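All chains, full assembly: derive it from the sequences and hints.
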Amino acid sequence: MRSLIFWRRKTAEIKQDPAPSKLKYRMQRWMLTPGIRLGLRIGVPFCLVAVLGSAYMANEVRRDALRSFVAEMRQTIRNRPEFMVNMIAIDGAGGDLADDIREVASLRFPVSSFDLDVDLIRDVIVTLDPVKSATVRIRSGGVLQVDVIEREPALVWRSHQGLALLDETGAHVAELGHRSLHSGLPLIAGNGADAHVEEAMQLYSVARPLGQRLRGLVRVGERRWDVVLDRGQRIMLPAKNPASALERVIAVSEVRDLLERDIAAVDMRLAARATVRMNNTAVQEWWRIRQMNEGG
Amino acid sequence: MTDLYQSQRAMRQMRRQSMQRGVVAVLDVGSSKIACLVLRFDGSSRLSEDNSIGSLAGQSGFRVIGAATTRSRGVQFGEITAMQETERAIRTAVQAAQKMAEVRVDHVIACFSGANPRSYGLDAQVDLQGQVVTENEVARVLAACDVPEYGQGREVLHAQPVNFALDNRSGLSDPRGQLGQSLAVDMHMLTVDAAAVQNLVRCIKRCDLELAGIASSAYASGISALVEDEQELGAACVDMGGGSTSVSVFMKKHMIYTDAVRMGGDHVTSDISMGLGVPTAAAERIKTFCGGVHATGADDRDMIDIGGDTGDWEHDRRTVSRAELIGIMRPRVEEILEEVRARLDAAGFDQLPSQQIVLTGGSSQIMGLDGLASRILGQQVRLGRPLRVHGLPQSATGPGFSSAVGLSLFAANPQDEWWDFDMPNDRQSGGSIRRAVRWFKDNW
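As given, the protein sequences belong to chains X and D, one line each in that order.
Residue 275 in full-length UniProt numbering sits at position 275 of the first sequence; the count goes up by one each step and never skips.
Residue 374 in full-length UniProt numbering sits at position 374 of the second sequence; the count goes up by one each step and never skips.
What the hints contain is simulated information worked out from the structure, not anything from laboratory work.
Be careful, since some hints might not be right.
What the hints assert, rightly or not - Only pairs whose alpha carbons sit at most 27 Å apart, straight line, appear in this in silico DSSO-like list of lysine-lysine:
hint	chain 1	residue 1	chain 2	residue 2
1	D	Lys-99	X	Lys-22
2	D	Lys-205	X	Lys-24
3	D	Lys-33	D	Lys-205
4	D	Lys-99	D	Lys-33
5	X	Lys-24	D	Lys-33
6	X	Lys-22	D	Lys-205
7	D	Lys-205	D	Lys-99
8	D	Lys-253	X	Lys-22
9	X	Lys-24	D	Lys-99
What the hints assert, rightly or not - Between beta-carbon pairs, the in silico distance windows are:
hint	chain 1	residue 1	chain 2	residue 2	range
10	X	Gly-35	D	Arg-434	44 to 54 Å
11	X	Leu-38	D	Lys-205	22 to 32 Å
12	D	Gly-327	X	Pro-20	40 to 50 Å
13	D	Gly-391	X	Asn-59	49 to 59 Å
Quantities reported herein were computed from a predicted structural model and do not represent experimental measurements.
For each residue, glycine too, the CB sits at the ideal point set by N, CA and C.
Below, the structure is given as structure tokens:
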């Protein structure tokens, strides 16, 4: 029991005199130094993480495993149902055009919205002829919403390739199998006519008084317009300022019934010298009447 | 002398460094306790323009961020007698204060009370070389002071110019820039035993701390316990510590006299211990809880259980009346105060215009001391507590901490000392030749 008592007394003495040992004192002072504190709080954890991280990464197998894990994780997140696009909704396009859009977008649903490049899809859709403009976005509920504004066909263009529909800017809208499908639309013909649709539209509006007699406009020599009427009549317009020339012809025709007469063409190519070409029978008749009048 | 000048200047430099770093520790090495305050300096600690202390009593520049006290070991009469023990005690106090402050302190300003302080009044007069009093002139007049033989093993602790006189105008605190013919200075020099100072310096060095200043605790407690008026008009501060009672006399905000009585509260305790036959710790406890110096009729019936744990029932159940305890304490306290009276008389304290005496220090908390002191020391006696400083914990506001608090005020606003002025030019190079020339000029 002696040792126990001794031990107890010793602890009591220590309690009375709580002086820190020199080492403890230095340690405490050391730990209160700002640099050391900063190093312990930031530097040591940083180094530890760096060492452990690089030790883990030193192995090729682990590196690959980590990489594949990351890829897998990413794939899982991409394939979550919240991010999936299940259908395409196309607004503002007719049946054929919608089919075409589906075809060019060439999407296989369901697809993750991370994999969809909306801008690219929009660019592809806009390259379609009947599409004037399009907006593509991913709507909530996993729907790829495509809003399309179609081109309105304004003219029928007859060329060597066949009939084509053009809009008011001259852009190609669609091939046309038969003229009667769009009998209400004005007709133009000739090479390069599609580049001057605006002028043609203007001429059509001027030529409205001609009514049913107007058959169409022909682009001649990729330079100027001819107005073709029924009975084979033509009004040959100059390359420059064709609308005013046509107005003049119409005005003369209304006063003098020029186009009702048996003439083949009105040549307005030279503005200073408008020429009327008559048909053969009319010429014969005219000669006969003159002879009759001279003789009489 | 030059050696001391250099070492004191080095300490001043250290103090300036620590002020720049912003943290300094103040260490009061007493006989019964060691107190450590950690100060943080933030902002300027300049006095206001009229050189008064100002609304925040001149301590707006610092804040106490750590305070710790520990029982002193190995210190007797305010001198270190067992260096290992004292070092351990200093370490304890510094560690606890650092822990509270959560900052590491490297610089320490220390004070101690013992080591036989002795005051000297020096004076000197020189003729000015020019008309204007410059720094160099001040340094020259300080250097011209006739230093007395203060003994081999002693060292100068303070040497403060307390008064300047220009021609026949006296009482100047700062003569620089003024015009005159001759400049005279009165200086107060305090010497202590060199061995005690060296022991303290060594102790602090061994705790990995740098000494940034050293002061007499009489001076420090005078700074904090005397109010500004008392310092200005003249007062004596009696710091009754554990092992020694130090006396400092202030006049015009300068300390003009210091002395110490090598008796204190520990002697009262040992008297009780011997008189009642109890261990010192028990005697200390009885003194603190039941002690007093004025016996009344009720004290005869007031029995104090003095206890003990010997196992002997009779011995452990001893009681003593409070009157007996007072009978033991009173002669010793009277002796201390008589001794203080003798020292003050020797210093000519009764010649001062104001006779105010302020009692402070841990032993001044003895009940009824002020009544006893006024019978021995004179009518104008009061008990003093240290100034309030920012951040000082409540536990450190008692009179026992007046020297620690005073030392922190001293750290913030040190008084100009001799070594704060540059060495005069003629001392530095070719001094002897020039002095010879001057001697010739003066004598022929």
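Here is how each hint holds up against the structure:
no.: 1; hint: D:Lys-99 - X:Lys-22; verdict: 16 Å, holds
no.: 2; hint: D:Lys-205 - X:Lys-24; verdict: 17 Å, holds
no.: 3; hint: D:Lys-33 - D:Lys-205; verdict: 20 Å, holds
no.: 4; hint: D:Lys-99 - D:Lys-33; verdict: 19 Å, holds
no.: 5; hint: X:Lys-24 - D:Lys-33; verdict: 22 Å, holds
no.: 6; hint: X:Lys-22 - D:Lys-205; verdict: 13 Å, holds
no.: 7; hint: D:Lys-205 - D:Lys-99; verdict: 20 Å, holds
no.: 8; hint: D:Lys-253 - X:Lys-22; verdict: 41 Å, violated
no.: 9; hint: X:Lys-24 - D:Lys-99; verdict: 13 Å, holds
no.: 10; hint: X:Gly-35 - D:Arg-434: 44 to 54 Å; verdict: 51 Å, holds
no.: 11; hint: X:Leu-38 - D:Lys-205: 22 to 32 Å; verdict: 28 Å, holds
no.: 12; hint: D:Gly-327 - X:Pro-20: 40 to 50 Å; verdict: 42 Å, holds
no.: 13; hint: D:Gly-391 - X:Asn-59: 49 to 59 Å; verdict: 56 Å, holds
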